[in-house]
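If you read the sequences in order, they're chains A and B.
Read in order, the letters of the first sequence correspond to residues 1 to 280 in the numbering used here.
Read in order, the letters of the second sequence correspond to residues 1001 to 1256 in the numbering used here.
Because the hints were derived from the structure by calculation, they are not lab data.
Quick caveat: nothing in here was measured; it's all calculated off a predicted structure.
Glycine included, each C-beta is placed from N, C-alpha and C at the ideal position.
Just to be clear, a hint being listed does not mean it is correct.
[Said to hold, decoys possible] Reference excerpt, derived from the structure (chain B facing chain A, CB under 7 Å, subset only):
# : residue
1 : 1043
2 : 1047
3 : 1185
4 : 1251
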Amino acid sequence: MTISPPRPVGPGAGVVGAEPSSAPGLVAQVAAVGRRSVTRTLRQRGLLIFPLVFPLILFAINGSSLSAATKIPGFPTSNYRDFALALVFIQGSLFVSISAGTDLARDIETGFFNRLALTPLRGEALLIGQLGGAFVLACIEAVVYLLVGIATGVVIASGVAGVVVLMALSILIAFGFASLGALLALRFGTGEAVQAIFPLLFVSLFLSSSSLPRNLIKVNWFREVATYNPMSYLIEGVRSLIITGWDARALALGFGFAALLVLITLALANAAMKSRLVRT
Amino acid sequence: MRGFVFVARGVAWRSIHNTLVSPAILLPSIIFPLFFLVAFAGGLSRLADVPNFHYGPGYTAFVFVFVFLQSAAFGGVFTGFAVARDFESGFARRLMLSAPRRSGIIAGYAIGALARWSITGTVVTVAGLIAGMNIDGSGTDLLGLVGLGIIFNFVAAMWGCGVAMFLRTEQAGALIQMPVFVLLFLAPVYVPLTLLTGWIHDVARLNPASVVLEAGRGLLAASPVDVGLAFGLLAACAVLLALFARRGLASAERAG
Chain A
1 MTISPPRPVG
11 PGAGVVGAEP
21 SSAPGLVAQV
31 AAVGRRSVTR
41 TLRQRGLLIF
51 PLVFPLILFA
61 INGSSLSAAT
71 KIPGFPTSNY
81 RDFALALVFI
91 QGSLFVSISA
101 GTDLARDIET
111 GFFNRLALTP
121 LRGEALLIGQ
131 LGGAFVLACI
141 EAVVYLLVGI
151 ATGVVIASGV
161 AGVVVLMALS
171 ILIAFGFASL
181 GALLALRFGT
191 GEAVQAIFPL
201 LFVSLFLSSS
211 SLPRNLIKVN
221 WFREVATYNP
231 MSYLIEGVRS
241 LIITGWDARA
251 LALGFGFAAL
261 LVLITLALAN
271 AAMKSRLVRT
Chain B
1001 MRGFVFVARG
1011 VAWRSIHNTL
1021 VSPAILLPSI
1031 IFPLFFLVAF
1041 AGGLSRLADV
1051 PNFHYGPGYT
1061 AFVFVFVFLQ
1071 SAAFGGVFTG
1081 FAVARDFESG
1091 FARRLMLSAP
1101 RRSGIIAGYA
1111 IGALARWSIT
1121 GTVVTVAGLI
1131 AGMNIDGSGT
1141 DLLGLVGLGI
1151 IFNFVAAMWG
1161 CGVAMFLRTE
1171 QAGALIQMPV
1181 FVLLFLAPVY
1191 VPLTLLTGWI
1201 HDVARLNPAS
1211 VVLEAGRGLL
1221 AASPVDVGLA
1231 FGLLAACAVL
1241 LALFARRGLA
1251 SAERAG
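Extracted from the complex, chain A is given alone in its bound form (with noise of 0.2 Å):
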């Protein structure tokens, strides 16, 4: 006996549930699934407060609490919530991780990607497409930090031009963070284990160069370790765009690591993700 599924109906029915041979396009199946996870992360509303307040309370009590650290003989601003904001946008882009994650996860484990598995969508653009929510997640991140910086008496060295490009940066920064989730989700299928690496992924922030310049941290392993992480690469990058100005140097590794990291969770999760759909 042969079971027809039935044609599906509504908007993005003629991506998914069409027969092979009038597939459409790469970029007509990423539109639909990308469609998808936006409306699904902006009808989250209570989900999408927590990453946007949690970094700013955290710059609210930091960025006073610490201002002190100003008086110590080389710090580069007088401010201390100039150099604490870059902080803040890679705090966003971890939640975005988990977001992202956690979404795909739910997916798996209440039976959509079973069901998509038996449609000729492609792998590559359900990945991208699923990712589009935490894209645009990372896209109000980084506009309501960016403004709440500027309110807090915050000045963006690198001028108007800076702004654009720090904003480039921390969504890239956020998107491999978003692709990160994406990979444990595939990899594991539950939201729990995407979760579980949100503790991880928060102490690497904290042992990075997150607090004080990486040349006025007075503990020599600390120093070490913040050195070898290239978590205070992607932090220093958004820095040198607030407090310095341009800096080739700290831009170069920023956006050099935040590629990096999108290139290889990306491909890590594309793979990841054939395995997940293999047709049985």
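Following the hints, put chain B in place on chain A, whose structure we already have.
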């Protein structure tokens, strides 16, 4: 009274047993304070070079007192999570049906919180000593610091129990944790109160956690500051929050 002791002992035994046999429960309460100790003492020790930063035992000891008291508070907070979990799983309802004196349930959870913190506090102290922390205070001073931690742990446990018993869902976790987290971080965490400026100074000056923190640091440095006030504030909070937890229990009893 016998009924109270019987219930308290039973709940405490279960709470301690669950903590000891389940790494998922014990490890976070150990790892987080250790992480804060490493991150702050390692990454921020240059703050001790800020003009007018005077703390005899050094920056590691300065941070240690915060982490020690934070671990005490979070020992109580995590117990609040356990209470919420017991309500959601239905265990708490069965417990209330069988308990001859229900106030013993709160006491049992409080003992469980203290036992949990005794492990965490010991680990944090050993880690601080390994990291080269200096202790200038006498044995009596250190007992005073431990005493502050014990009452702080009780206060946080009562807060956690109260919220968990009022809401009876694991979703109460954020409401249990966030106020304690914010209260602690609105105290002089990284530098003494005198070096804080702006709004954080005004808030920290009014924050009861600041008094407890500064008293603890004074005890470790053998130069006690406002110790009586710190114990008095904590005792007042303990009484108020014990009443709050009791009302939470009454709310849970009414809900059935």
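Consistency of the hints with the structure:
Of the supplied interface hints, the one on residue 1043/B holds, with its beta-carbon coming within about 5 Å of a beta-carbon of chain A, less than 7 Å. Checking residue 1047/B against chain A: minimum C-beta separation of about 6 Å stays under 7 Å; hint holds. Of the supplied interface hints, the one on residue 1185/B holds, with its beta-carbon coming within about 5 Å of a beta-carbon of chain A, less than 7 Å. Interface restraint check for residue 1251/B: the shortest CB-CB distance to chain A comes to about 25 Å, outside 7 Å, so the restraint is violated.
Consistency note: the structure conflicts with earlier hint 4 alone.
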